[in-house]
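Q: With the hints as a guide, bring both chains together as one complex.
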Amino acid sequence: MHFFEDIAVGQQRELGSFTFTADNIKAFARQFDPQPFHLDEEAGRNSLFGGLAASGWHVGSVCMKMLVAKGKEEAAAMLAAGGTPAVWGPSPGFRELRWLKPVLAGDTITFRSIVESVRTSEKRPEWGIVQARNLGVNQRGEPVYSMLATAFVPRRAKAG
Amino acid sequence: MTLTFEDFKPGHFGTFGPRHVTREEILAFAAEFDPQPMHLDEEAAKHSMLRGLSGSGWHLGSLMMRMLFDGFIQRTASLGSPGVDELRWLSPLRPGDDLMLDVEVKEARVSRSRPSTGIVTFGMRMRNGSGQVLLEATSPIMVKRRETTEG
Numbered sequence: 001m002h003f004f005e006d007i008a009v010g011q012q013r014e015l016g017s018f019t020f021t022a023d024n025i026k027a028f029a030r031q032f033d034p035q036p037f038h039l040d041e042e043a044g045r046n047s048l049f050g051g052l053a054a055s056g057w058h059v060g061s062v063c064m065k066m067l068v069a070k071g072k073e074e075a076a077a078m079l080a081a082g083g084t085p086a087v088w089g090p091s092p093g094f095r096e097l098r099w100l101k102p103v104l105a106g107d108t109i110t111f112r113s114i115v116e117s118v119r120t121s122e123k124r125p126e127w128g129i130v131q132a133r134n135l136g137v138n139q140r141g142e143p144v145y146s147m148l149a150t151a152f153v154p155r156r157a158k159a160g
Numbered sequence: 001m002t003l004t005f006e007d008f009k010p011g012h013f014g015t016f017g018p019r020h021v022t023r024e025e026i027l028a029f030a031a032e033f034d035p036q037p038m039h040l041d042e043e044a045a046k047h048s049m050l051r052g053l054s055g056s057g058w059h060l061g062s063l064m065m066r067m068l069f070d071g072f073i074q075r076t077a078s079l080g081s082p083g084v085d086e087l088r089w090l091s092p093l094r095p096g097d098d099l100m101l102d103v104e105v106k107e108a109r110v111s112r113s114r115p116s117t118g119i120v121t122f123g124m125r126m127r128n129g130s131g132q133v134l135l136e137a138t139s140p141i142m143v144k145r146r147e148t149t150e151g
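Residue numbers (this note's numbering), protein chains in the order written: chain A, 1 to 160; chain B, 1 to 151.
In isolation and in its complexed conformation, chain B is listed as follows (with noise of 0.2 angstroms):
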């Protein structure tokens, strides 16, 4: 069945994972969107900040996208989403980490320039095996209401 605005109301919604993430896919990913040392090179790695090889926080980010889609958005009837309110990179994405992913709906309400649609705002939460935090975001996603919903 089709999840539609008036499936999500406000309140833990679910967690999903876990999503292994390999040491090729880390460079593969930085080697496309974001060459810095910090993501391709062990060695200059050890001596970044963050001190060890670390993936993309855009690698993290389009992992909990594809999270979010095979935890529900795929058989959600969404419109796609505006925007991301606020991002936080917290801790490093390590070659190995086992990502799981905590969503919870923040806000839910009707759009007023387009009444067919919901506006579904969620807080995401990604942590790893151990249980560290990596990543924190707030973001809406338009949903159809059930009464526009064909089928």
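The following block holds chain A by itself, in its conformation from the complex (with noise of 0.2 angstroms):
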């Protein structure tokens, strides 16, 4: 991971992709948000999805685990190369998420996450604050995912 200071407006960083299987769709559906339309083929058919649809939860949260998963990615390639890769710190939340078109078993989605702004936090000087739209397509290039999400991102620390 980044520190704010290597951190610019338009930065895009690929986070790979996720296939949704009526498996994992149903499994986060049983826990999380069992309406028939995350937990049936049935239902789902005859809903406005048009099929067994994921949870807008459960997209949400695999979107977060390509997050995760990329950061401990760019974290490694940073140590290999002899350097210090900043830990994040917690997100205060989101805005405009939106969820755009159904997440259908079978469909397999591509996140990226595009820095949209960056400033430094008044309250909390060793830390600035990133905003990135994290985005998410489906197979047949349809944007399905969409959120604005802020992040605390720690500062190098001055020298001397």
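What the hints contain is simulated information worked out from the structure, not anything from laboratory work. Certain hints may be false.
Derived list of chain B stretches under chain A, where covered just means 3 residues or more per stretch with a C-beta under 8 angstroms from a C-beta of chain A [as the list claims (entries may be wrong)]:
#1 45-57
#2 70-82
Here are some of the chain A residues that sit facing chain B, going by a computed Cβ distance under 8 angstroms [as the list claims (entries may be wrong)]:
#3 V9
#4 F32
#5 P85
#6 R98
For clarity, every value in this text was computed on a predicted model and none was experimentally measured. All C-beta atoms in this analysis are idealised placements derived from N, C-alpha and C, irrespective of residue type, glycine included.
A: Structure follows, in structure tokens:
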């Protein structure tokens, strides 16, 4: 993971792809969102979704999973190159989350994250605040998921 | 009886819970979806900004969905949600928390593109047992209008 000083508006990270299956859709739905169109193929076909659809919270949680995996991969690469990876702080929240199209069983979603704004924190001078647009696109190139996330990112310690 | 668009009027709608959250659940969700040290490792968590083991914010959001379902969505003619306008994580989810969910109807209007459907915008607040607010969110849900509901 990068330090605040190394992050610029417009930077794009490719987070990789995840395939939603009937099994993982139903497993998530049973725990957190047992609406019929997330649990049953027939109910899904008869809904606005047109098929067994993943819970929106499942899609958001998978995007988080992809972000964390990418962060670990970046940290390992930085360590291997003799650098020091940054440890990002928690997120205060997000805005403008849109489930643009249903994610159906069998869909493969490719996620990416694009930096939209960077600023320093007045209350916490050792932290910067980064806003990034996280996007998910299905195998037909259709955007299915979009949200504007906020995260605390550590600033490089000042020399001396 | 199934709740339809007409049953949602601006104002306080209901308070739901408690939902007890165990350490095992927090660790299981984090292992699958958010394997950061602050959600998985007591020792690392102590040194994080959140000072102690905390649940993933996505776990808390997903638990909110379940509490909405148990509270009223399961008996509502819901057609799903287009998104979440805003969500703020205000305090960490901790092992052993007993979550309460306050739901308010912020706005209820008929869909312009689909007149058989209403759009109800909800304000949600999740609290722990000591009343500390953990999460606030605003999200619309599409709900069928009564005239078009069969049965």
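Q: For each hint, tell me whether it holds in the structure or not.
A: Here's how the hints hold up against the structure:
no.: 1; hint: 45-57; verdict: holds (count 6)
no.: 2; hint: 70-82; verdict: holds (count 7)
no.: 3; hint: V9; verdict: 22 angstroms, violated
no.: 4; hint: F32; verdict: 4 angstroms, holds
no.: 5; hint: P85; verdict: 13 angstroms, violated
no.: 6; hint: R98; verdict: 4 angstroms, holds
Going down the numbered hints, you'll see the structure goes against 3 and 5, while the others check out.
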